[in-house]
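Participant: Spelled out from the first residue to the last, the chains are:
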Amino acid sequence: MAAYLARRLVGLALVLLVVCAVTFAIFYLLPSDPALQACGKSCTTERIDMLHEQMGLDKPVWQQFADYIGGIAGGRTIGTGELAVRCDFPCLGFSYQTNRPVWDLLLDRLPTTVSIAAGAAILWLLAGLSTGIVSALRKGSFLDRSLMAATLTAASLPVFFTGLMALYLVVQVAEWLPFPSYVALADDPAGWAQNLILPWTVLALLYAALYARLSRSSMIETLAEPYVRTARAKGLPERTVVVKHGLRSALTPIVTVFGMDVGTLLGGAIITESVFGLPGIGQLTMDAINKSDQPVVMGVALLSAFFITFFNVLVDLFYAVIDPKVRYA
Amino acid sequence: MSLLEVSGLRVTFPGDVCAVDGLSFTLERGKTLGIVGESGSGKSVTSLAIMGLHRDATVSGSIRVDGIQVVGAPQDQVRRLRGRRMAMIFQDPLSSLHPAYTVGEQIAEAYRLHFGASRKAARVRAADMLAQVGIPEPRRRLADYPHQFSGGMRQRVMIAMALACEPELLIADEPTTALDVTVQAQILELIARLQQEIGLAVLMITHDLGVVARIADEVLIMYAGAAAEQGPAIPVFTRAQHPYTRGLLNCLPRLDGDAQSPLIPIQGSPPSLLNPPAGCRFHPRCTERTSELPCATERPAWRIASRGHHAACHLLEANR
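Protein chains in written order, with my numbering: chain E, 38 to 366; chain B, 173 to 492.
Quick caveat, the hints were computed from the structure, so don't treat them as lab data. Warning: the hint list may mix true and false statements.
[What the hints assert, rightly or not] Computed beta-carbon distance windows for the label pairs:
#1 THR301/E x HIS226/B: 58 to 66 Å
#2 VAL296/B x LEU49/E: 41 to 49 Å
#3 HIS226/B x VAL358/E: 15 to 23 Å
#4 SER254/E x THR230/B: 33 to 41 Å
#5 LYS292/B x ALA155/E: 21 to 29 Å
#6 LEU225/B x VAL358/E: 24 to 32 Å
#7 VAL292/E x ARG227/B: 50 to 58 Å
#8 GLU338/B x SER178/E: 35 to 43 Å
[Unchecked claim] With a cut-off of at most 35 Å between alpha-carbon atoms, the simulated DSBU-like pairs for lysine-lysine come out as follows:
#9 LYS292/B x LYS203/B
#10 LYS362/E x LYS281/E
#11 LYS362/E x LYS78/E
#12 LYS176/E x LYS281/E
#13 LYS281/E x LYS292/B
#14 LYS203/B x LYS362/E
Glycine is no exception: its CB is placed at the ideal position from the N, C-alpha and C atoms.
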């Protein structure tokens, strides 16, 4: 088990290194020049060259990449002379437009994004799984067909539509809730939940629909397994048969997708954040792209890659817990 | 009262497929009944009906286990019989064992449920059962998973699991089909030994006449969802009355026969259960049917050949 864990973690580090290299290469090849942006309107060729030198952009590309990796590992001072800035561990670069290290910008936005993703994930997992299980147990019934029709509808509705409808109906017409604005969990837990309930529901609706369909088919498949028949033949109550013997195996594909989805969402739910005006990673990404704030875009890309690979490692560990064959391999 | 009394059993699947049509037999305590038939003859469907494990099918007729009616009984009542008074082992022990639970847990589970035993007591019981079915180092192996056992050992685990609650009836659905021939013999011996020790009645479902000849007291030959012939093993094998039984026996090589004489297969294939042939269901494949008999029009009644030995064939009537 320890060896298994070690292998996964080494794999994680390697994947992140490759992601760093690829992201770095892409941004190096892009035409946009950070020095040009820092230079301002009255810019001369000499000043550009000087800025290049001060920002370290005149160094060979491998040297720049090594500096970048070194910064992530231990922090660094970017540039020299008047433009030198201190960028502490873990240094993901410096945004000259906002005059702040990228990591600080990410840290500001992360709580919002984590709040949205975590709340929505819990909601959709509960709703999706229970709908899927009920459907699977009543396969072919009127209830099953109605639920599946409903999930198909929900899965087809984009977040910008359901989000705006929810805002209009709940906030504007019924006035049940105020317009969402982010409140930190530590400051006011009730306010935090109240403000996030709409984004959670809207995001969870979409995912719950997909998870309901996934868990239904997975559950139908495992309930047809001979070992489930064995469990019934032992005289176990139906609830034990379904949960202990059926669901246990049906969870594997669901957890796989769940890990990927949560990892992706932590990289920013761009549309949800835009619709509800929540200052998360998604909005940061949008702003950075619009203003071609390269270091920030790169930082977000790395952060997303980290979350996705990290959750994949978690999923792998989960496999080891639920599947003894993995544990002993 | 017999331990198992099945009468007029009918199992119909959606789409009007009648997999078992009017089957009756009894099984005494401590005896072995072998049900033999081709794939699709309804033998597995019958065993699942006895266990009350059909979910989509309509079951009618009567199945009594020690006098308790299974057909149409509330699920909870049948559930209390399952695993406790009747248990079942299946053809493929690997897919019939849960891959994610230890064999100890899987054996102990039913014992805890039916006897309200503590985890510890159930563990001891599980180790006892593994020892009884001949698994070395039973205590250590409790913590192993099914994939860590060989095919034969897995079937032993299945048997240990089935017998953990001291049932009176064991239904074995092709328990040796997926195993090597040498292992097959060991498993059959094991079942026979345990039967002796605890006075178990065994319903052995198989398509292998050799298996039946080895352990069955009584034999029931099934064809297309109905009984073709039934009786004590020796008269059925030595004086087979139904042409189908004779056909099955002709397919077997014999040590005392002429090595050059070819095996004679039964021509044709089993009929569709959706639209079974009129009259005797076997008549389209029967080599002994004659136009004087109503083979193609009338379903043959159950005729006595000798004491306890019956067959459903018009020839028996004609020869009387």
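Participant: Taking the hints in turn, state whether each one holds.
Facilitator: Consistency of the hints with the structure:
1. At roughly 44 Å, the beta-carbon separation of THR301/E and HIS226/B lies outside the given 58 to 66 Å, and the hint is violated.
2. Between VAL296/B and LEU49/E the beta carbon distance is about 44 Å. The supplied range of 41 to 49 Å therefore holds.
3. Checking the proposed 15 to 23 Å range against HIS226/B and VAL358/E shows it is violated: the Cβ atoms sit about 35 Å from each other.
4. Hint check: SER254/E to THR230/B, Cβ distance near 27 Å, so the stated range 33 to 41 Å is violated.
5. Separation of LYS292/B from ALA155/E is about 40 Å and departs from the stated range, judged on CB atoms against 21 to 29 Å.
6. In this structure, LEU225/B and VAL358/E meet the distance hint of 24 to 32 Å, their C-beta atoms being roughly 31 Å apart.
7. VAL292/E and ARG227/B have their C-beta atoms about 27 Å apart, which leaves the hinted 50 to 58 Å range violated.
8. GLU338/B and SER178/E have their C-beta atoms about 39 Å apart, which keeps the hinted 35 to 43 Å range intact.
9. Using a Cα cut-off of 35 Å, the hinted pair LYS292/B and LYS203/B holds, with the two alpha carbons roughly 34 Å apart.
10. A threshold of 35 Å between alpha carbons decides the hint, and for LYS362/E with LYS281/E the separation of about 18 Å falls inside it, so the pair holds.
11. Under the criterion of a C-alpha separation no larger than 35 Å, the hint pairing LYS362/E with LYS78/E is inconsistent with the structure, at around 64 Å.
12. The hinted pair formed by LYS176/E and LYS281/E meets the criterion: a straight-line CA distance of about 20 Å does not exceed 35 Å.
13. Note on LYS281/E and LYS292/B: the hinted pairing holds, with a Cα-Cα distance of about 20 Å set against a maximum of 35 Å.
14. At most 35 Å may separate the alpha-carbon atoms for a hinted pair to count; LYS203/B and LYS362/E exceed this at roughly 40 Å.
Consistency note: the structure conflicts with the earlier hints numbered 1, 3, 4, 5, 7, 11, 14.
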